[in-house]
Amino acid sequence: MSNSNRYILEAINLHKSFKAGEVREHVLRGLDLRVERGEFLAVMGPSGCGKSTLLHLLGLMDKPDSGSIIIDGQDTTYMDEQTQAAIRRRKIGFVFQRFNLLNVLSGYDNIALSLKIRGLDTDGIDRLLASMGVAEVARKSPEKMSMGQQQRLTVARAIAHKPDILLADEPTGSLDSANTQTVLEMFKRANEQDGLTVVMITHSPTVASAASRVVYMKDGKIIDGNT
Amino acid sequence: MLPLPLANILHHRLRSLLSALGVAIAVCMLITLSGLARGTLEEIAKRWQGVNADIIVYPAHWSDNITTIGGGGVGRGDLKMLKSLKVGGKPVIDYLVPICILQGKVAKVNCNIVGIKPEDFHLLIEKPGKKLTGRIFDPHNKFAKWLEAKLTTPSEETLSISRAELARRGGLEMVIDTRLARSTGLKIGDKVYVAGHRFKIVGEIPAGVLARAFIPLATAQWLMDLSTGRYTLIFAKLHNTSTMGDVIRKINTTSRLKATSLGQYRNMLEARFGIMYLYIDTVNTITLIVAMLFVLVTLYTIVIQHRREIAILKSMGATRRFILREILTEAMILTGMGTVMGILLAPVAGAIIEAFLPLLTVEISPRWVLISILAAAGGGILAAVYPAWCAMRMNPAEILTLE
Ligand SMILES: Nc1ncnc2c1ncn2[C@@H]1O[C@H](COP(=O)(O)OP(=O)(O)OP(=O)(O)O)[C@@H](O)[C@H]1O
Ligand SMILES: [Mg+2]
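Chains as they are written, first to last, in my numbering: chain A, 2 to 228; chain B, 3 to 405.
Keep in mind that the hints were calculated from the coordinates and are not lab data. One or more hints might be untrue.
Listed next, the stretches of chain A that the computed footprint assigns to chain B, with coverage defined by at least 3 CB atoms under 8 Å from CB atoms of chain B [to be verified]:
1. 60-67
2. 80-90
3. 187-194
Simulated restraints on C-beta separations [said to hold, decoys possible]:
4. Met3/B / Gln83/A: 23 to 31 Å
5. Arg327/B / Lys145/A: 27 to 35 Å
6. Met278/B / Gly120/A: 50 to 58 Å
7. Val292/B / Gln83/A: 31 to 39 Å
8. Glu193/A / Gly380/B: 52 to 60 Å
9. Ala353/B / Leu121/A: 48 to 56 Å
10. Ser367/B / Ala87/A: 47 to 55 Å
If the Cβ cut is set under 8 Å, some of the chain A residues that face chain B in the computed set are [as the list claims (entries may be wrong)]:
11. His57
12. Phe97
13. Phe100
14. Asn101
15. Ile118
16. Ser205
17. Lys219
Bear in mind the structure is a predicted one, so any value in this text is a computation, not a measurement. Positions of the beta carbon are idealized from the N, C-alpha and C atoms, including for glycine.
Here chain B stands alone, though its shape is the one from the complex (with noise of 0.2 Å):
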């Protein structure tokens, strides 16, 4: 025989439909919106951690955080200093690559811009599978040097560098990664403003490096009013990764710098963005609130409704357990197929998040997936409870004869 939760269930196609459809987006919220916090940071953390270098140097001065560092805090004496830096007498270091970031906007994307010099960006960008198309910025430095000897030579020519010299010198010339040229619609040859100057876009590297946007290092330093020796930061690679901690104690102890693994990148977004996990997990939470509540009206109303069979059961001798088993079993097919829904909807509700905003990231990880369906289920046998206790309650007699 068909089993009665089975039968409620189909007999009541449309309601029972919507409610586990409130299920089912309370699961697809849930899923999407963690994995949204959590694949957006995550996807920042792992583009910083795939740079081609060990450790992080920035100024002592900055906080303890560095997620929203900029500025130009370090220096070509720092540089020099870390070069030459030993631990038990030997170098440790194998190369260093100095960068400017800039917060600014490409396409009315906000977005940290990177200037970094050429070479450099084949050292530390550039690996299998992330391999620039068309070209480097300022392949030849040959923007840099004109800027720089402009720059030492002292003259009243300095402050007028106009923007078509600095464009025909090729320092207004910027690599994208796909995902910024995804989102903007720009690609190679088009031309785009950024901090009030037309740049051209050279070249275009698969997302998942270090930043969106890179400029030549010289521009960066021109357009953040720095002087050419003065960088943001400084990515370090050790000859042998086992000196790591001593290095960071030795920069840490005997510097004006402070260093850092890239590991722990990871830790500060967390620190300072964690907050946003709060907020989506107490939305999340209260999405799944008002799913239990729709579920728990539908099993209400479905009781209520069938006081009659429910009266019937009884005079069959049905126990309170067999009426509390039905109710709870009907709860769980509901949120049970709710909860299948969602977690079909999930990924579908993820591409359309990063179709319309496609410097997000949402990543349905099963640990989530795992959540939803034990908070899901946990919410079916609560918003089962006081239906159930309502059946059970009845007067079988009473409603016999009143209705």
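Excised from the complex, chain A in its bound form (with noise of 0.2 Å):
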């Protein structure tokens, strides 16, 4: 197998800094992590070590300092912006930290126009709500759903398109053992079933054990788990 094909997210030596006040903050210091196809890879680092930035490095919502992400063989450092987006489009699932539903839209439209920014039609929305146990609350604003109702939808709306990477930040971080659960047990399912790769994010110990690799992040690189 080559490696364009056996990994589908690669970062290599990746640098990002971050101007606070007078002093720049060197967060990412020649970071390398390849995730192989169909992986789920749990990632753990104490809080303010980058693990964030690294997400949204990865999942091409900011530009590295240097170093260069490669998805699915496509090689992103030169690409445009609109490339990235279609890239991000087709490709990638994001669940936030916090915050990752519009308020002034049902939880069944956050899914809807993230169908539609995509292109695609929204016919499976009420199966997949419904596979995720959130059909009842589906039309209510997500105001007026518990923490759990809500990352569940949005956890909905990150696999409804059928990504191929799922980047997940603490998705679990505000949930109840129970709601953890379900989270972590739609995780597997996608990873199983459909071969979704999965890059979660996590503080948990617990979490990070339903993934299939560990991670641990330290002075701004990857320490491999299995060392």
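Assembling the complex is the task here: the two chains are given apart, and the hints tell you how they should meet.
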């Protein structure tokens, strides 16, 4: 198997720094990461070490200072914004750390909008909502839903367009253990049944144990969990 | 699904309503103010054009603009000269009506008061749909004859005609139009002071005729200190309107008089009062800009408050064009709602203005409705540009991390 086929997502020598007042905060310092097709990867690390930053870079939401990100064999370094947006539309689903849903729309319409932006039809939404156990609340505004319901909707939206990669930033961070289990089962099911590649950030070793591989971040780099 | 721009508007009902209202006020002002300026001048022009005559003859020493004409610059001799005027050897004048125009106040309302002979009133002013109710002033010219006799027999008495005598002889009678009646509350039988004299309202005529108040010619001359043979101007009716050009040219070149067609009066009004359009258009433009800022600020706050939503849209791969279109659509819905409200409000505002200021006319023209629609649409697009630009420029990762 050639490398480009084996890895769906590669980060090579990523550097990213932010201006923090007078000084520059060097968050990612030559980070390398390879994610195999169909892998369920958990990323762990102390708060503020740059996990979210990494996730945003992997999802082409921001540009690294240097280094490259290769998605499905395509080097995205020199892509223009429109091409990157096209990759996000087709291949990536996001679950962010907080506030994922548009409150002006119903739960259902949140998913419908995502599909509309991606140029897909909205036929399967009801089935998807039922399988996630949020069919009854889907007509409500997200503001009127429980945390668990909101997060299940978020996951439903992130996988509704059948992306290749799901990037989830502490998807269970604000959930109780029952809801955490449900969300993890959703991930597992999509991972095992549809071959979805999952990159999940978490602070919790229990949550991480749902993944097939766990890596750790330290000093702006990945320390492989196997070593 | 509910389109996102509509969802945003419905989610922020009050704010959306207020910014639509801003647009509505601007559109309404645009339509009513321009309708007011144009309508009021148009109403005066129509009144002059509506008389049963073809040309206006006035003294040559008067400026080319007779919209503010007064005094007694033409005389009995001019009448005689005009009467015998020939073009191509044929007499051209059907009849002549001399009038005096007196600026005055009727029950605190400023207006032109026209002095005219009772028989000329029927000739020049009345027509189907514009029939006098009540009666004409000094119906048998008794007062006019008496006054003339008084003035032409020089004696001590002439200078001391008492008010009581004027009134008793029928000289202090007045006909007013329905609009002046409505605005002053005067009705037939009422008495009103004009130029220091107590006039009696004897008749009422539907609005849309030459002036709002009419008195006997002799009375006007008396009040203006003119002799009985002096007039402000003369209306002339031609046998054949095809001779109009020749008649005007002849009068202008061969006499101490000037003539103009009734149609010219409108142009004179516009020349004199057209500056008003400029003021009103300026006010309208400013209102429109303020309304645009209203929409801009609304959209801008929506964009700023929805930074996170925009970041999420971007994470889903929404293109710049998609975001631009959403914000533009929202702007168009807001301005569209406002425009419709403004157009519906305009006739109401017009009616209110006319109710409080009955002598003004608000004429809502399709042309200005169209202009206001285009201006609002253009303003809406302009107002969307900056917020949309801000939205497109946002770095989604930064928003997601820092907020
Ligand atoms: N856009 C930005 N501007 C300035 N500083 C930023 C920005 N994004 C991230 N940072 C900084 O970079 C560092 C890493 O942030 P990041 O959110 O990636 O950490 P994290 O590992 O996800 O932390 P947590 O576990 O708390 O979510 C932090 O110190 C943060 O303040
Ligand atoms: Mg984080």
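Do the hints match the structure? See the list:
no., hint, verdict
1, 60-67, "holds (count 3)"
2, 80-90, "holds (count 7)"
3, 187-194, "violated (count 0)"
4, Met3/B / Gln83/A: 23 to 31 Å, "holds, 24 Å"
5, Arg327/B / Lys145/A: 27 to 35 Å, "holds, 29 Å"
6, Met278/B / Gly120/A: 50 to 58 Å, "holds, 56 Å"
7, Val292/B / Gln83/A: 31 to 39 Å, "holds, 37 Å"
8, Glu193/A / Gly380/B: 52 to 60 Å, "holds, 56 Å"
9, Ala353/B / Leu121/A: 48 to 56 Å, "holds, 53 Å"
10, Ser367/B / Ala87/A: 47 to 55 Å, "holds, 50 Å"
11, His57, "holds, 4 Å"
12, Phe97, "holds, 6 Å"
13, Phe100, "holds, 6 Å"
14, Asn101, "holds, 7 Å"
15, Ile118, "holds, 5 Å"
16, Ser205, "violated, 21 Å"
17, Lys219, "violated, 20 Å"
Hint violations for this structure: numbers 3, 16 and 17, all remaining hints satisfied.
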